[in-house]
Amino acid sequence: KAGVTQTPRYLIKTRGQQVTLSCSPISGHRSVSWYQQTPGQGLQFLFEYFSETQRNKGNFPGRFSGRQFSNSRSEMNVSTLELGDSALYLCASSMDRGIQETQYFGPGTRLLVL
Amino acid sequence: GENVEQHPSTLSVQEGDSAVIKCTYSDSASNYFPWYKQELGKRPQLIIDIRSNVGEKKDQRIAVTLNKTAKHFSLHITETQPEDSAVYFCAASFGSGNTGKLIFGQGTTLQVKP
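Chains as they are written, first to last, in our numbering: chain A, 1 to 114; chain B, 1 to 114.
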């Protein structure tokens, strides 16, 4: 099976712009979680989508949003970018068969905000 | 609040020695505790996980123990090898039911000296 894929892998934006990141989960996986990784804050949970619905949300401002499509692919959007949004954005997918399942991470999208 | 504390932040051991990393979590309802290894420039990879109905789990040189009463869990790596050098993250599940919300510790940089 193909692993979790994310596009684009690298992105450079300027302050005030908006960005959309994409995540394709492992085939058959229905849950997609997003995380922000920075050297200072570590891995922080953004949100989780399951069956096209946001099931969990982290403590990020409303500028961060996401969605999930019927094929379980997910996108996250960041509007009005700030310098502090520079980070590695990781998505992870899991099967979710009614029990806690392993999350498999994608390679990440490295976002640089100038 | 939702919190996972991880110690130590850095750990240096001689090849062949054991390494122990400890984590505590804030929510007694957390029921899933994975450990991830992240090598430089790569995605986090699951190395072992444990559920709240189990006190200990072992996989070759790696073991995890869980003390639900004290709300802490530990990773034990025996007979360390240079290829074990990486950043290790513990995590705990937060949220009701099946949840894709993992809160991560700050990470431990393990260096194994040949």
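These are computed hints drawn from the structure, not numbers from a lab.
Be aware that one or more of the hints could be misleading.
[What the hints assert, rightly or not] Here are the simulated SDA-like pairs of lysine to any residue, each with C-alpha atoms no more than 20 Å apart in a straight line:
hint	chain 1	residue 1	chain 2	residue 2
1	B	Lys-37	B	Gln-106
2	A	Lys-13	A	Tyr-104
3	B	Lys-42	A	Phe-64
4	B	Lys-42	A	Asn-56
5	B	Lys-57	B	His-72
6	B	Lys-37	A	Asn-77
7	B	Lys-71	A	Tyr-104
8	B	Lys-37	A	Glu-52
9	B	Lys-58	A	Gly-3
10	B	Lys-58	B	Lys-68
11	B	Lys-37	A	Ser-51
12	B	Lys-42	A	Asp-96
13	B	Lys-37	A	Asn-56
14	A	Lys-13	A	Phe-64
15	B	Lys-71	B	Glu-15
16	B	Lys-101	A	Leu-83
17	B	Lys-42	A	Thr-53
18	B	Lys-101	A	Leu-88
19	B	Lys-57	B	Lys-42
20	B	Lys-101	A	Val-113
21	B	Lys-101	A	Ala-2
22	B	Lys-101	A	Ser-51
23	B	Lys-22	A	Asn-77
24	B	Lys-113	A	Gly-3
25	B	Lys-37	A	Thr-53
26	B	Lys-22	B	Thr-65
27	B	Lys-101	A	Lys-13
28	B	Lys-57	B	Glu-39
Quick rundown of the hints versus the structure:
1. For a cut-off of 20 Å, the pair hint linking Lys-37 (chain B) to Gln-106 (chain B) stands: about 13 Å separates their Cα positions.
2. Restraint check for Lys-13 (chain A) and Tyr-104 (chain A): not satisfied, since their Cα atoms lie roughly 27 Å apart, outside the 20 Å limit.
3. With a CA separation close to 24 Å, the supplied pair Lys-42 (chain B) and Phe-64 (chain A) exceeds the 20 Å bound.
4. Restraint check for Lys-42 (chain B) and Asn-56 (chain A): not satisfied, since their Cα atoms lie roughly 26 Å apart, outside the 20 Å limit.
5. Between Lys-57 (chain B) and His-72 (chain B), the direct Cα distance comes to roughly 14 Å. Compliance with the 20 Å bound is thereby established for this hinted pair.
6. Our distance criterion of 20 Å between C-alpha atoms is broken by Lys-37 (chain B) and Asn-77 (chain A), whose separation comes to about 27 Å.
7. At roughly 25 Å between alpha-carbon atoms, Lys-71 (chain B) and Tyr-104 (chain A) are farther apart than 20 Å, so this suggested pair is violated.
8. A C-alpha spacing of about 29 Å is found between Lys-37 (chain B) and Glu-52 (chain A), which places the hinted pair above 20 Å, so the restraint is violated.
9. At most 20 Å may separate the alpha-carbon atoms for a hinted pair to count; Lys-58 (chain B) and Gly-3 (chain A) exceed this at roughly 25 Å.
10. In summary, the hint linking Lys-58 (chain B) to Lys-68 (chain B) is supported, as the alpha carbons are separated by about 18 Å, within the 20 Å threshold.
11. Proposed proximity of Lys-37 (chain B) and Ser-51 (chain A) is contradicted: the alpha carbons are some 29 Å apart, above 20 Å.
12. Note on Lys-42 (chain B) and Asp-96 (chain A): the hinted pairing is violated, with a Cα-Cα distance of about 25 Å set against a maximum of 20 Å.
13. For the hint pairing Lys-37 (chain B) with Asn-56 (chain A), the CA-to-CA distance comes to about 24 Å; that exceeds 20 Å, so the pair is violated.
14. A hinted pair counts as satisfied when its Cα atoms are at most 20 Å apart, and Lys-13 (chain A) with Phe-64 (chain A) qualifies at roughly 15 Å.
15. Straight-line distance between C-alpha atoms of Lys-71 (chain B) and Glu-15 (chain B) comes to about 30 Å, which puts the hinted pair past the 20 Å bound.
16. Distance check on the hinted pair: Lys-101 (chain B) and Leu-83 (chain A) sit about 26 Å apart at the alpha-carbon level, beyond 20 Å; violated.
17. Taking the CA atoms of Lys-42 (chain B) and Thr-53 (chain A), the gap is near 29 Å; set against the 20 Å cutoff, the hint is violated.
18. The hinted pair formed by Lys-101 (chain B) and Leu-88 (chain A) meets the criterion: a straight-line CA distance of about 18 Å does not exceed 20 Å.
19. Restraint check: the Cα-Cα separation between Lys-57 (chain B) and Lys-42 (chain B) comes to about 26 Å, which exceeds 20 Å; the hinted pair is violated.
20. Distance hint between Lys-101 (chain B) and Val-113 (chain A) is unfulfilled; the C-alpha atoms sit about 26 Å from each other, more than 20 Å.
21. Taking the CA atoms of Lys-101 (chain B) and Ala-2 (chain A), the gap is near 23 Å; set against the 20 Å cutoff, the hint is violated.
22. The hinted pair formed by Lys-101 (chain B) and Ser-51 (chain A) meets the criterion: a straight-line CA distance of about 15 Å does not exceed 20 Å.
23. Under the criterion of a C-alpha separation no larger than 20 Å, the hint pairing Lys-22 (chain B) with Asn-77 (chain A) is inconsistent with the structure, at around 35 Å.
24. Restraint check for Lys-113 (chain B) and Gly-3 (chain A): the C-alpha separation of about 32 Å exceeds 20 Å, so the hint is violated.
25. Restraint check for Lys-37 (chain B) and Thr-53 (chain A): the C-alpha separation of about 29 Å exceeds 20 Å, so the hint is violated.
26. Using a Cα cut-off of 20 Å, the hinted pair Lys-22 (chain B) and Thr-65 (chain B) holds, with the two alpha carbons roughly 10 Å apart.
27. The suggested pairing of Lys-101 (chain B) with Lys-13 (chain A) is violated, with an alpha-carbon distance near 28 Å, which exceeds 20 Å.
28. Only pairs whose Cα atoms come within 20 Å are accepted, and Lys-57 (chain B) paired with Glu-39 (chain B) is rejected, the gap being roughly 23 Å.
The structure shown violates the earlier hints numbered 2, 3, 4, 6, 7, 8, 9, 11, 12, 13, 15, 16, 17, 19, 20, 21, 23, 24, 25, 27, 28.
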